[in-house]
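Participant: The residues making up each chain are set out below.
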Amino acid sequence: MSATTTAPKSGSTALPAFRPSMKVPLSLGILALLALVFFGFLGPDQTAEMKISDAGDAVAVPALMIPGQVGGVVFGIVLLAMAAYSIYLWTQGERSPKWLPIAFAVVFVFALLVWIVAGARQPSISLAGLVAGSVTLAVPLVFGSLSGVLCERVGVVNIAIEGQLLGGAFTAALVATMTGSPYIGLIAAAAAGAAVSMVLAVFSIKYLVNQIIVGVVLNVLVSGLTGFLYGTLMVPNKEQFNTPGRLDILPIPLLSDIPIIGPILFEQSIAGYLMYIAVAVVWFGLFKTRWGLRVRAVGEHPQAADTLGINVNATRFWNVTLGGAIAGIGGAVFTLVTIDSFTKDISGGRGFIALAALIFGRWNPIGAFLASLLFGFAYNLQSILGIIGTPVPSQFMAMLPYLVTIFAVAGLVGKSRGPAASGIPYVKG
Amino acid sequence: MGVVKLELKGISKAFGTFYANQDIDLVVESGQIHCLLGENGAGKSTLMNVLYGLYEPTAGQILVDDQPVNFRGPGDAMAAGIGMVHQHFMLVPVFTVAENVALGAEPTTFGGVLSMDETRKKIREISDHYGFDVDPDALVEDLPVGVQQRVEIIKALVREAKVLILDEPTAVLTPQETDELLDIMRQLKAGGTSIVFISHKLREVKAVSDVITVIRRGKVVGDAPPTASATELASMMVGRPVSLSLNKAPAQRKETTFVVENLTVRAANGTNVVDGISFDIAQGEILAVAGVQGNGQTELTEAILGIQDHVTGSVTLDGKQLLGLPVKEVLRSGVGFVPEDRTVDGLVGPFSVAENLVLDLYDQAPFASGISMKPAKVTEHAKAKIEEFDIRTPSAGAAAGTLSGGNQQKVVMARELSRPLRLFIASQPTRGVDVGSIEFLHKRIVAERDVGTPVMIVSTELDEVIELADRIAVLYKGKLVGIVPAGTPRDTLGLMMAGVGPEGGSDD
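Heads up: the sequence lines are chains V and Z, in that order. When the letters of the first sequence are read in order and numbered with our numbering, they come out as residues 1 to 429. When the letters of the second sequence are read in order and numbered with our numbering, they come out as residues 430 to 937.
Calculated directly from the structure, the hints in this document are not laboratory data. Just to be clear, a hint being listed does not mean it is correct.
[Claimed, not checked] The calculated DMTMM-like cross-link candidates involving lysine to aspartate or glutamate, where the alpha carbons are at most 25 Å apart (straight line), are:
1. 428(V) <-> 570(Z)
2. 428(V) <-> 546(Z)
3. 288(V) <-> 570(Z)
4. 428(V) <-> 505(Z)
5. 288(V) <-> 566(Z)
6. 206(V) <-> 505(Z)
7. 288(V) <-> 546(Z)
8. 288(V) <-> 547(Z)
9. 206(V) <-> 485(Z)
10. 428(V) <-> 597(Z)
11. 288(V) <-> 571(Z)
12. 906(Z) <-> 94(V)
13. 23(V) <-> 547(Z)
14. 288(V) <-> 564(Z)
15. 98(V) <-> 535(Z)
16. 288(V) <-> 535(Z)
17. 677(Z) <-> 868(Z)
18. 428(V) <-> 596(Z)
19. 428(V) <-> 770(Z)
20. 428(V) <-> 535(Z)
21. 428(V) <-> 452(Z)
22. 98(V) <-> 566(Z)
Because the structure is a prediction, the values reported are computed rather than measured.
Use the sequences and the hints to build the structure in full.
Facilitator: Below, the structure is given as structure tokens:
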């Protein structure tokens, strides 16, 4: 064929260059303006004291003193600059880099913190305590969302995280009290979570019952069962059945004295260390090993996996079970770390927040971990701000974690894409 | 080593009381291309799924090199040297080529940690050897279907398949890609690989096969040499003499009443899936829209019907603008529409044949008055249509979903042709329909043209396009490559389907 004549072309003129969604630049811009106005111009005139190290620490770091109004204006300008950069990229037809919204969120949250603290009756807060407390509150969320990652990656929607957490919490308290060892309680909690998960696995994989329905029913069932046993067993015989004691805090010498990150990373109970290990192991497993490749294949295209000799339903069953065990450990944190006894519905909806964290974290163990930390921070902020006495009513503070969840999941996630076969049972042929 | 002889003895496979395969004997000699020819639903794929270990046979035996084998899963079949390229690719879209190839037989180091380098190397070797041009690190979802198919072949070759089953491999390919695939098959054969080639397309089968086995309704009808004529093979497939060519009179073009101008449909990801398309159709002519699946055909027809969002341009019928009208208004303007997937958009499976025949008219006289329907009228209407369109159904009350593909399609066609039409659009009018029904449906389409309706056919089967068209429009990546008259050579059409304009030169 010669190229002397050109192909007939439809009469369309050159179309404007492809533009990415303007959702991110636009929302950053609006938030930055709001921050500048409310935190800056209308900001409180007290100075917020942000303590970095506690009185007893080996290394003393002076506290940050940030004047409310000036700080607010500075933060507002920084935020505006970031939003402007994002908008500039958008006009050039480019997406904002991934770090930008994250950096924006960190500065925004810090600005929010300064604004609230400077407006409080007692304008002083311990940053170290805030962050460490956030991590502590995030631990069950991290375990729960890891459970969700393992299940969804293999194609099963795990709505029953709440039930697994609760089952783990109850069993941990009961077994730890009866054996006198919180460590045995921890192992029992994993078994309890796995047991709840196995019910989900059997019904959804073998009997093809709708996964959402099984999950919801399981949550109600575990809540009812543990509530009943709590009322009949634990309340009348607290000494015998509901005094588990706590898992020891095992600080790592020297490292735990580093300001801020010391207590977070190196002054944990065994469950805290397990959390870091679990995140790393699940991530490495999913993305770097044969097991993970197969798991992801089963969650994306089970038929393809089947035609390559991978047993789809067995893979799903064991993954869901493993997920349950991990969530069970998360549940034990409630009764063996946070407080040292079980109360009815102690998990209080954290399983659903873990589910949100998993989606916010884009089905990635590390993403789920970071999202859990954010939600943990929101929980912690709520309690700390109650103590220092902010002008914001406590009911609004109590809503904070859920608001963050809704905005995080709906707004900033964008079009995140889960495993293609998630929620769809696999039937041969 | 290397060569494998494969033998199936008395294989039967039943689903409930229905026998998809009955007492099938088949011998695939080593180093041959053995074709399984049969209509859609004849049981070819079922047989191959039995051979590949995906289904357990109800009766019968598989022998590899005269040794009976018992495949409990695809893993066993692969171990015996059998590889399969499925009609719907078994590739994980979000994985890379290397990950897809490695899956199930992953090279690992200590502790199950993946080491993909070995797989990459193997892919490059095979790719170079056969001239595949496949990048091991490309994401599968970004690859064109032709390349995806090569990935599937690589998958089988990496597992050292000695027998390669290709299930309807040409369904998703352009004519040129098909020719390339046939070449690859010949190369593989020369290298000692036996191939089982499943198809219902006579031209390809005749071009490449050493032996042809014809299957009809789950049974082997007989073997034929590749020199057998197309008519002979078609008659064996269908079980009665069929005429393969439609003798239609030349078009009597009248007034041009349907005009599409600069039609553009924007997809959610910001690209234009239909990109500035303009054409018109006169009363009494058939415009066939050709193109490989997924080049904007679905969106084009749906935009005309009004079930697509983000549409710009103009669509006028009898001078009236259709864009922006609700679907019901579009249909009331005299548009008959046969959607591409009858089971999803064309029929309500659990509803009766009679109900499906009035889905568009159920709220109007004579089938309804006020808020009540008149079942007697509906049934009466159904009986007339069943007669007229030769719909093989136990009764007018039978659920439409239980009918065969061809008869379901007749129900859809009967419904859409029952109104006085000003425009008739049929998308994939004979997909998955038996040869006998194809003949009938084609005649009805031509009959509609001959009463003076502008007709638009969308088909990915080039044979069908050539058969029906008075003019042929070719779509590629949402753009109109060109409109050419009927009688344009196959090769030219094939190139156009790959985006090369009819006068030469590339569109890109």
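Participant: Quick one: which hint numbers does this structure break? Sort them smallest to largest.
Facilitator: Hint check: 2, 13, 15 fail, others pass.
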